[in-house]
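Just so you know, the sequences run in chain order A and B. Here the first sequence is numbered in our numbering, starting from 1 and rising by one per residue. Here the second sequence is numbered in our numbering, starting from 1 and rising by one per residue.
Check before you lean on any hint, since a few could be wrong.
[To be verified] Mimicking EDC-like on lysine to aspartate or glutamate, the simulated pairs with C-alpha atoms at most 16 Å apart in a straight line are:
(1) B:Lys28 with A:Glu161
(2) B:Lys26 with A:Glu223
(3) B:Lys39 with A:Glu157
(4) B:Lys28 with A:Glu126
(5) B:Lys8 with A:Asp107
(6) B:Lys26 with A:Glu109
(7) B:Lys9 with A:Glu223
(8) B:Lys188 with B:Asp134
(9) B:Lys203 with B:Asp71
(10) A:Lys156 with B:Asp71
(11) B:Lys28 with A:Glu109
(12) B:Lys9 with A:Asp194
(13) B:Lys26 with A:Glu93
In case anyone wonders, no lab produced these hints; they're calculated from the structure. In this text the structure is predicted, and so the values were computed from the model without any measurement.
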Amino acid sequence: MEERNKRNDLNVAGISQTAGGNFHRVSIDGMAKVNGNLDCTSMEVNGTLKMHGALTSESATINGMCTLNGPLTSFRVRVDGMTTINGDLHSPELEVNGKCTVRGRVDGERIDIGGVIDIEGDVQCESMNVRGNIKISGLLNAGTVEIRLHTSSSAKEIGGERIDIRRKEQQNGFWKSIGLGGSPSFKTSLIEGDEIVLEDTEADIVRGSNIFIGRGCNIRLVEYSGELEVDQDAKVGSSQRI
Amino acid sequence: MTDDLISKKELLDLTGISYGQLYRWKRKNLIPEEWFIRKSSYTGQETFFPKQQILLRIDKILNMKDGLSLDELADVFSPTLGEVEMSAQQLLERNIVSQISLDLLKEAGREQPLYVLEQIMMLYVLDKLLMSGDITRQEGALLIEVMSEHYYRFTGKPSELVLIRKMGVPSFMLVTAGTEFYFDNGVKVVLRQPIGTFMEELKLKLG
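Use the sequences and the hints to build the structure in full.
Encoded structure:
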């Protein structure tokens, strides 16, 4: 931090191209292209940024459009616009209210998704809180997973301590009015956890200790060691106490 | 090969840990990613683990968990070297090595005012093997040589220490963990130990 205070700021207001480097504050209001690695204290993008290299910062806020061809490492990342990261994302705090695509793995502590996120690799975090739309092509490993379904979401596998996937109480406003993304549902092949609560979920296998299978679920096999409760509106192929 | 693997379900049954714990330990890097082996079985994809290693590791985690936080535990299991510097006096006072090993090091001409973790581990290994009667003093000198010359090549990688004897003539080897090797009939493998286990013990002593 001390060392970073001595650095220069980088401001882009028009159209510009730079080679990257070490900066204190970086602010992109116009269109910028960065051909190299960037290390900064804070990064704010209001316009368009295209980067070829790794981005390291203490906080990154993206309101406009951003394409990173490289990994992103930051203490805080907030995406309100559109971001594509062609690499891994490592951030203890990640908040997405816009749209974010990650073509690598995501490591974090707290992940809050209010918008749309599409991740090609695995996700590892302590708490995952979703009030939007997620698609994870790898394993979601989190202490607590809380998902309120708006549209159709999916993950290849979920593992953790507390997993809670339910439909949002009443479907209102934005998502319904634009009719995007289909009806609320969650698709996954495997869910493993200690406490599991599910609604509108389609899964092959669910394993855990205390499991509640709520309305709208379609599960092929449930294995439990504690208690199992199945709603009458749910379909469970077979269940087995282990 | 299948004999050496254990499925996730069997593992949880055997150890009594929950899915939550297993996934938490994975997140904290207490269980290395490469131990999660995905294989297809009749129920679809299943996860398997190397049986010996995972059972040993879980036993250790369960036994040490009370005294240490998960993050501290992760340090113990990581193969990388931390920043430690200790003098011979400190090592003796903290009962990490004995005078005999230090003397041996002095004879080998590798005495230093301060020892970093890598060298402390070498002394620790030497001391343990000498005290347990596995090696002789002469072999100890060989151990010092092979460890000081070549251990750096294995930094951050799992490795094993091997001692062989042929017609009473000893020879030490450092090899990548899990390597297969074969000798002629006259050779006896006296000792084969993963360096990682020494490192884990040592880090607990230091920590």
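Inset, instruction - Hints the structure violates: just list their numbers, smallest first. - result: 2, 5, 10, 13
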